[in-house]
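Undergrad: In case you want the letters, here they are:
4 protein chains.
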Amino acid sequence: MAYITQNFSGLPAPVRIGLIGSGWMGAFHAESIARRVPGAVLAAIADPNVESAEALARSLGTAKVTGNAEDILADPEIDAVVIASPVRFHSSLIAQAAAAGKHVFCEKPAGQGLEELDAALAAVEAAGVHFQIGFNRRYADDFQAAKKDLAAGVAGTPQLLRSLTRDPGNGSIPHAARVPAWTIFLETLIHDFDTLNWFNQGAEPVEVYAVADALVEPGLRDQGFLDTAVVTIRYSNGAVAVAEANFSALYGYDIRGEVFGSKGMVQAGRATETAARRYTAEGMSADTPRLNVELFRQAYTDELADFADAVRAQRDGVPSSSSAFTLTPGAADARRALAMALACIESVKQNAPVAVPGLAASAAVGGRAGA
Amino acid sequence: MAYITQNFSGLPAPVRIGLIGSGWMGAFHAESIARRVPGAVLAAIADPNVESAEALARSLGTAKVTGNAEDILADPEIDAVVIASPVRFHSSLIAQAAAAGKHVFCEKPAGQGLEELDAALAAVEAAGVHFQIGFNRRYADDFQAAKKDLAAGVAGTPQLLRSLTRDPGNGSIPHAARVPAWTIFLETLIHDFDTLNWFNQGAEPVEVYAVADALVEPGLRDQGFLDTAVVTIRYSNGAVAVAEANFSALYGYDIRGEVFGSKGMVQAGRATETAARRYTAEGMSADTPRLNVELFRQAYTDELADFADAVRAQRDGVPSSSSAFTLTPGAADARRALAMALACIESVKQNAPVAVPGLAASAAVGGRAGA
Amino acid sequence: MAYITQNFSGLPAPVRIGLIGSGWMGAFHAESIARRVPGAVLAAIADPNVESAEALARSLGTAKVTGNAEDILADPEIDAVVIASPVRFHSSLIAQAAAAGKHVFCEKPAGQGLEELDAALAAVEAAGVHFQIGFNRRYADDFQAAKKDLAAGVAGTPQLLRSLTRDPGNGSIPHAARVPAWTIFLETLIHDFDTLNWFNQGAEPVEVYAVADALVEPGLRDQGFLDTAVVTIRYSNGAVAVAEANFSALYGYDIRGEVFGSKGMVQAGRATETAARRYTAEGMSADTPRLNVELFRQAYTDELADFADAVRAQRDGVPSSSSAFTLTPGAADARRALAMALACIESVKQNAPVAVPGLAASAAVGGRAGA
Amino acid sequence: MAYITQNFSGLPAPVRIGLIGSGWMGAFHAESIARRVPGAVLAAIADPNVESAEALARSLGTAKVTGNAEDILADPEIDAVVIASPVRFHSSLIAQAAAAGKHVFCEKPAGQGLEELDAALAAVEAAGVHFQIGFNRRYADDFQAAKKDLAAGVAGTPQLLRSLTRDPGNGSIPHAARVPAWTIFLETLIHDFDTLNWFNQGAEPVEVYAVADALVEPGLRDQGFLDTAVVTIRYSNGAVAVAEANFSALYGYDIRGEVFGSKGMVQAGRATETAARRYTAEGMSADTPRLNVELFRQAYTDELADFADAVRAQRDGVPSSSSAFTLTPGAADARRALAMALACIESVKQNAPVAVPGLAASAAVGGRAGA
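Residue numbers (my numbering), protein chains in the order written: chain A, 1 to 371; chain B, 1 to 371; chain C, 1 to 371; chain D, 1 to 371.
A hint or two may mislead.
Put simply, identical chains are the same to the list, so a pair is met inside one copy or across any two.
Claimed, not checked - SDA-like cross-link-like pairs, simulated, lysine to any residue; straight-line CA separation at most 20 Å: (1) K148 - G202; (2) K263 - T280; (3) K349 - G113; (4) K148 - Y3; (5) K148 - E31; (6) K148 - E273; (7) K349 - V206; (8) K349 - G238; (9) K263 - A127; (10) K263 - V216; (11) K263 - E282.
Since the hints were made in silico from the structure, they are not lab data.
Quick caveat, the model's predicted, so the values are computed rather than measured.
Working from the sequences, and respecting the hints, build out all of it.
TA: See below:
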């Protein structure tokens with residue numbers, strides 16, 4: 001052969017990621033890591049449901065499998081973990097992973113209570129590992145464009161904000177048996193809370209008033225399953241925000257954000273699947289976004305790419321092209337949004353406005369892993 | 001370690017691709033192959049400008065380098081080539097690659113004349129290798145949605161079609177010295193011709209009337225550099241199409257398609273970069289798409305993924321998830337669009353309508369590699 | 001002359017309207033009546049500020065002028081009145097006009113308290129005259145299209161509603177001295193309340209929670225001038241609505257409505273002044289609507305045309321082409337929206353949810369003049 | 001009565017308009033004049049079909065009727081005429097009306113040949129009366145906004161222009177028996193030609209190449225009825241324009257304009273009937289504009305209001321608020337567009353580009369009545 005150069009094998013070793021939880025989002029993150037995140041390898045999958053983990057590994061043609069997350073945490077070849085287990089294990093897994101020296105990417109919410117979360121974040125802080133929370137909207141192209149405009153002052157000082165999540169529910173409302181009572185706040189609106197905090201940067205949420213009901217499936221109301229909610233949030237800068245969610249949007253997956261301020265307004269949110277339009281005797285029409293993993297495919301890839309890049313940079317002691325050591329959304333973001341969700345639950349119980357616990361107690365949650 | 005399964009190493013061997021040409025599009029294709037196309041490996045880069053090839057290989061941390069494309073064609077480890085050389089070498093490289101048993105993905109146009117192209121496509125046919133042409137718009141999400149609607153009969157029988165390319169020219173018009181005189185037809189409008197042929201499926205282009213001028217840089221007119229063109233095309237089904245191009249769209253990269261027919265209209269084309277909108281004292285505004293490699297990033301990835309998948313399927317003798325053995329856009333598409341571009345050049349010279357040479361001569365250009 | 005027919009003078013006598021109040025909206029209504037409402041005549045203008053009334057009459061080249069509204073009420077040639085006086089006189093003028101046998105079109109709100117309003121509406125009922133309230137959004141083309149879809153069940157059962165008013169304030173925030181403290185609820189959000197009631201037809205507002213602040217002009221907060229407000233409303237059908245207002249939208253006059261329900265979503269609201277778009281090096285842009293009298297020019301004309309038509313039909317004892325005898329928005333609509341505004345004021349004072357007084361007390365407010 | 005002022009009867013006497021022709025557009029203009037144009041009166045209607053004229057007069061409750069246009073021209077109480085007769089009478093009616101001292105508003109086209117039109121315009125010039133041609137798109141809000149931007153240089157020097165007319169045909173294609181063979185150029189595309197001339201102000205159309213066919217009703221091709229056409233136009237400033245028309249747009253009445261130039265692009269054209277949008281399980285949808293008299297209702301009113309204002313100003317010897325004495329679109333506009341339509345017919349016959357006759361011969365067509 002006459003090749004001048006045989007290979008530029010200067011690529012750093014890939015980041016080896018262990019996945020904990022092989023459900024809906026776990027499986028999608030696995031596919032992202034295996035196929036779309038440059039420089040990352042899906043090294044192992046842990047799930048008590050071993051068949052699920054094996055099927056996932058087989059479909060991707062890669063990864064070791066275990067029924068026990070501790071195997072991953074003990075594996076010295078693993079650089080970092082992606083936590084996509086049921087929510088009730090999030091905080092303890094974060095703490096264990098950090099103690100094992102693994103960098104942590106965790107699906108939202110990072111915990112079910114502030115106490116357990118603070119303990120987990122303290123472990124992260126103590127271990128000096130990276131922590132990132134899966135608030136993927138921060139990586140969506142339109143939300144990033146809006147944020148850029150907001151940071152540039154296009155809307156001036158925020159006065160009115162709005163964020164909403166309307167989920168098609170994959171065609172059927174999840175059964176109460178499968179969904180904890182306050183899911184709409186803890187797992188759904190927590191995205192909107194983070195978006196609002198991010199858009200209203202510098203201001204702290206002070207008080208919430210939440211209304212929630214079972215309008216889609218009234219028969220599940222008594223079991224505590226709420227499918228519709230509206231939250232009013234007062235911020236420290238005077239701005240008033242509204243977050244809104246529903247679990248049965250027949251027209252698709254509808255995610256929007258809006259900030260109105262002293263100088264104007266900025267909006268994010270994709271009304272149609274593509275730019276294609278059709279015009280017929282019935283009028284104009286277009287397809288709408290249907291699944292979160294379609295609407296946010298790029299965002300889900302990019303958040304993991306940022307995470308992998310930061311992990312690699314710290315591991316190899318080199319500068320990172322991303323925001324290494326200041327990964328966002330990070331610890332403080334995870335805690336702030338959870339505090340809001342918990343205050344909403346209290347507000348619904350009381351039908352009254354409720355103060356959001358300040359971040360004073362989590363002063364330690366800053367530093368390297370915070371934002 | 002307690003892993004139940006050590007690895008699912010069932011992944012087929014990756015498709016090994018050799019890149020010929022490391023210029024603007026070659027470099028972008030290299031990056032796509034190295035980072036975004038699952039199951040593909042950028043194995044080697046050939047460019048007479050060896051420094052360019054080396055810089056590219058280094059930036060991607062991979063690939064062998066040579067100054068001679070023949071090294072790649074002779075390398076038994078290479079499954080397929082991506083041709084991104086200057087246009088004047090396309091036909092001969094296609095023929096050589098096919099003769100060497102390599103599958104071929106070629107940037108448009110596939111040749112500069114019908115005779116050389118027919119020879120190349122005959123070589124492809126004889127070798128039984130795959131051939132795909134880089135008409136990337138077929139892979140853009142909005143153009144695919146429009147095509148799906150058209151195939152479903154949403155617009156009925158096509159009567160009026162439109163396709164346009166307005167290129168920002170990367171901020172400056174290419175110098176005449178760098179651009180062959182008829183670039184606007186051979187390299188730019190050829191995309192629009194293919195889009196129109198694809199949208200008006202089943203009909204053949206019969207006659208063209210082309211107007212072209214140097215409106216952006218009138219001083220270059222005498223050197224034959226034309227920056228603005230409008231083409232009227234009559235199709236065998238009676239439909240009339242208009243293709244339009246300009247090389248200096250200050251507002252960005254504007255690519256649109258429209259089909260009007262007996263039942264309605266279908267449109268493709270992305271007016272803004274993202275769904276974000278801003279509202280200020282100056283009114284409503286949004287950013288526009290700027291670069292082809294941004295607007296069509298996904299399309300450029302997907303066309304190569306389809307190609308790699310077809311190559312792998314044929315190599316391994318397994319069913320392909322894509323359209324193996326009927327890769328599109330393929331040989332017939334490449335030839336049809338080139339015939340239109342050549343007829344346009346003649347039309348400009350005569351200022352008269354000119355017939356498009358039929359595809360009779362290329363009857364052989366069907367079969368496995370065609371579409 | 002050889003005309004076959006000399007004239008088809010079969011047109012009914014025009015409806016003669018007296019205007020009470022020649023301020024901003026009064027002057028605009030005068031112009032609508034004089035120039036754009038077919039079959040109506042601006043017969044007289046009353047305003048204590050006689051110069052203002054005279055200037056208006058002169059600019060329109062028509063109408064008698066008086067400083068005293070009673071002159072109009074006593075004038076037997078006047079069929080109907082349009083009340084556009086300061087709000088504090090609305091209820092008593094309605095009552096007086098009805099007692100004088102004049103049909104009444106009144107700008108919103110119809111009163112400042114439920115007691116005075118009930119008395120006025122009782123007088124309307126007793127006199128058997130028409131009563132219409134100036135909730136002009138019901139006549140805007142996009143709001144009508146949305147209502148039509150909602151009535152056809154396009155969105156299914158409403159679950160989440162939104163209505164907002166963002167007012168550019170004509171370039172400057174009104175001075176506290178000129179604006180009563182609770183203007184944002186009584187005069188601005190009352191439009192949104194009516195829109196929500198109309199869109200959620202059949203359901204009654206049950207409870208409101210309102211947040212209001214002086215964010216545009218914090219210095220006026222102590223004088224009670226509030227420029228920003230968000231209201232959460234619970235309806236009898238379980239639906240939750242949000243109404244939102246701000247007095248300083250620098251980008252223009254922004255009025256939107258949205259209904260999400262069990263089958264889909266319907267939206268109204270015009271984002272840009274016209275369909276024209278510009279694309280420049282700065283991206284895509286368009287002008288935004290600026291003034292209520294521009295955005296709603298047609299709506300302001302059509303509501304008065306409907307009113308005039310009903311008046312004429314009753315006067316002449318002929319069938320009306322519009323909704324005579326069931327004019328909407330009418331008495332019940334005026335009362336329902338006012339009750340909500342008053343409950344909001346109480347909610348702000350208490351920072352707690354407040355029940356909306358039921359319509360039981362106004363059972364008499366139905367019949368001919370109601371809706 | 002205590003009125004301070006009995007009346008401001010300072011309004012000038014209304015402009016008295018005679019309508020010639022009571023067909024589709026004549027009837028609509030009659031309604032506009034009678035109901036929507038301030039300061040104008042529909043004084044008389046002439047139509048050989050007297051029943052049609054009488055029915056129209058009766059529906060509007062006004063106007064004298066005659067079967068003979070000469071009655072109107074001889075009536076000293078008539079200030080101006082609106083010509084909406086069959087096209088073949090336009091030129092002679094313009095000439096007769098001008099000779100009778102009547103101001104003229106004429107539906108397009110102003111004639112069927114340049115010779116007859118030049119004679120008519122010479123009569124207008126000699127009489128010193130106003131002449132306006134019914135190119136109503138100049139009065140559409142979005143086309144005006146685009147024109148304003150173009151005049152301000154937003155798009156720079158025009159390089160590529162587009163104008164299109166897609167007509168739903170009121171649900172059925174007009175029968176060949178009712179439509180002269182070249183209607184698509186003389187009556188439909190003539191609108192687009194004027195729009196392009198207006199948008200490309202200062203440049204003259206130099207050459208056209210037209211393609212036309214019977215695609216909607218192929219059976220009518222032999223009778224010369226063409227329902228689909230595409231025209232390429234070269235302008236004196238080098239810009240290339242495309243005009244396009246079709247007579248069977250099932251999705252509605254689609255009128256668009258686009259100018260691309262050295263600095264950007266400006267677009268006009270309303271894709272949907274209102275700003276309302278619906279989202280259902282089928283995706284996003286909206287109604288489309290259906291009839292010209294709906295889409296351009298305001299434009300049809302405003303063009304006549306401008307005309308009436310200019311007539312009144314000249315009659316009363318007072319300054320006009322509009323563009324009196326320079327009414328546009330005027331004589332030169334009417335002639336330029338007709339010359340283009342006639343050149344298109346020749347181009348179709350020859351299937352070759354054809355030069356547009358210059359305006360030299362019509363040098364006299366300037367002055368007071370021209371533009």
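Undergrad: Are there hints from earlier that the structure breaks, and if so, what are their numbers?
TA: As far as the earlier hints go, 4, 5, 9 are violated by this structure, in ascending order.
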